[in-house]
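The sequence shown begins at 17 in my numbering and counts up by one.
Please note that the accuracy of each hint is not assured.
With a straight-line cut-off of 20 Å between C-alpha atoms, the simulated SDA-like cross-links for lysine to any residue are [unchecked claim]:
| hint | residue 1 | residue 2 |
| --- | --- | --- |
| 1 | K68 | R193 |
| 2 | K56 | E93 |
| 3 | K125 | A23 |
| 4 | K22 | R193 |
| 5 | K125 | G65 |
| 6 | K18 | N145 |
| 7 | K56 | Y157 |
| 8 | K56 | K18 |
What follows is a list of derived Cβ distance ranges for each label pair [to be verified]:
| hint | residue 1 | residue 2 | range |
| --- | --- | --- | --- |
| 9 | H156 | Q255 | 41 to 47 Å |
| 10 | D254 | P88 | 38 to 44 Å |
| 11 | E64 | Q258 | 52 to 58 Å |
| 12 | R55 | N200 | 33 to 39 Å |
| 13 | G172 | D38 | 31 to 37 Å |
Everything labelled a hint here was simulated from the structure, so no lab data went into it. In this text the structure is predicted, and so the values were computed from the model without any measurement. Yeah, the Cβ is synthetic: ideal placement off N, Cα and C, and Gly gets one too.
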Amino acid sequence: MKYYQKALYDEMTSFYLITCDDEGDKLGRIRSLIGGLVRKARQVIGQEGDDKVRIHQLLQLFYGDWGFHCDPEHYFEAENLYLAYVLETHSGMPVSLGALLLYLADSLKLPLYPVNFPTQLILRAEVDNEVAFIDPWNGHYLSQAHLQKLYEGAFGFGAEISSEELERADVNTLLNRFRQLAKNALIRENRNDAAYRYIASLLRYHPEDPYEIRDRGLVLAQMGCYQAAAEDLQYFVDQCPQDPTSFLLTAQLAELKDHFSELH
């Protein structure tokens, strides 16, 4: 079965449509911009020839000629997850730039795939039974030694990457990771209405998911809906008592109940 390289891009489109306040007015602009990039890439790179050379050309075009980049000063901001912003400013974060590269790779029939690396999304190119890893932050190739250092930075000295952790990402896992990142960004910026809409859309598919309900509870707490927030957080604690966040939420539950009592 063919790997669906545009899955992350599609999820970002859904994220925009669910959380935007402009009723999807920028969707036409998004389609125009990504379509223009595809046409330019096909003109420069073509759809035939050595894939190693063509992947290198794509990276040069994307990061060099077009100037796509990550802004470390605004790395975690939610705007980096909105396609219109990323396509217009050429600024984003690894997951959004990676999504665009994967979209272009699919359009050019290039063997580029996502990897759910612990620190951030990375890409893997598969050509002639060889694999090379690429950092969507800047388009640079990553050696196994550098990946090992990043892995140890996340899990401690001596921790070793398993081969499975460098395989193509499972699409559902990839999308769930994006969703959590997106929720966290909205919650951190107190964009509560947008966060609530996004979580509500996810709960339509998994209405009893304790983690989605927990996140809804956190948003409701920020919105001042203390009783509803307490019910959601209590549900999570009851369903996932061994989760580390359950211990933290127990204290927060007491505060929410006190707030509700003061108001009534």
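How the hints compare with the structure:
For the hint pairing K68 with R193, the CA-to-CA distance comes to about 29 Å; that exceeds 20 Å, so the pair is violated. In summary, the hint linking K56 to E93 is not supported, as the alpha carbons are separated by about 29 Å, beyond the 20 Å threshold. About 15 Å separates the Cα atoms of K125 and A23, which keeps this hinted pair within 20 Å; it holds. Between K22 and R193 the CA atoms are separated by roughly 15 Å; this keeps the pair inside 20 Å, and the hint holds.
For the proposed pair K125 and G65, the alpha carbon gap of about 11 Å is at most 20 Å, so the pair holds. A threshold of 20 Å between alpha carbons decides the hint, and for K18 with N145 the separation of about 17 Å falls inside it, so the pair holds. Taking the CA atoms of K56 and Y157, the gap is near 23 Å; set against the 20 Å cutoff, the hint is violated. The straight-line distance between the Cα atoms of K56 and K18 is roughly 25 Å, outside the 20 Å bound, and the hint therefore fails.
Judged by the Cβ atoms, the range 41 to 47 Å given for H156 and Q255 holds: they are separated by roughly 42 Å. The hinted range of 38 to 44 Å is satisfied by D254 and P88, whose Cβ atoms lie roughly 40 Å apart. Distance hint check: the CB atoms of E64 and Q258 are about 54 Å apart, consistent with the given range 52 to 58 Å. Distance hint for R55 and N200: a CB-CB separation of about 35 Å, consistent with the stated range 33 to 39 Å.
One distance hint, 31 to 37 Å for the beta-carbon pair G172 and D38, is violated here, with the actual separation near 45 Å.
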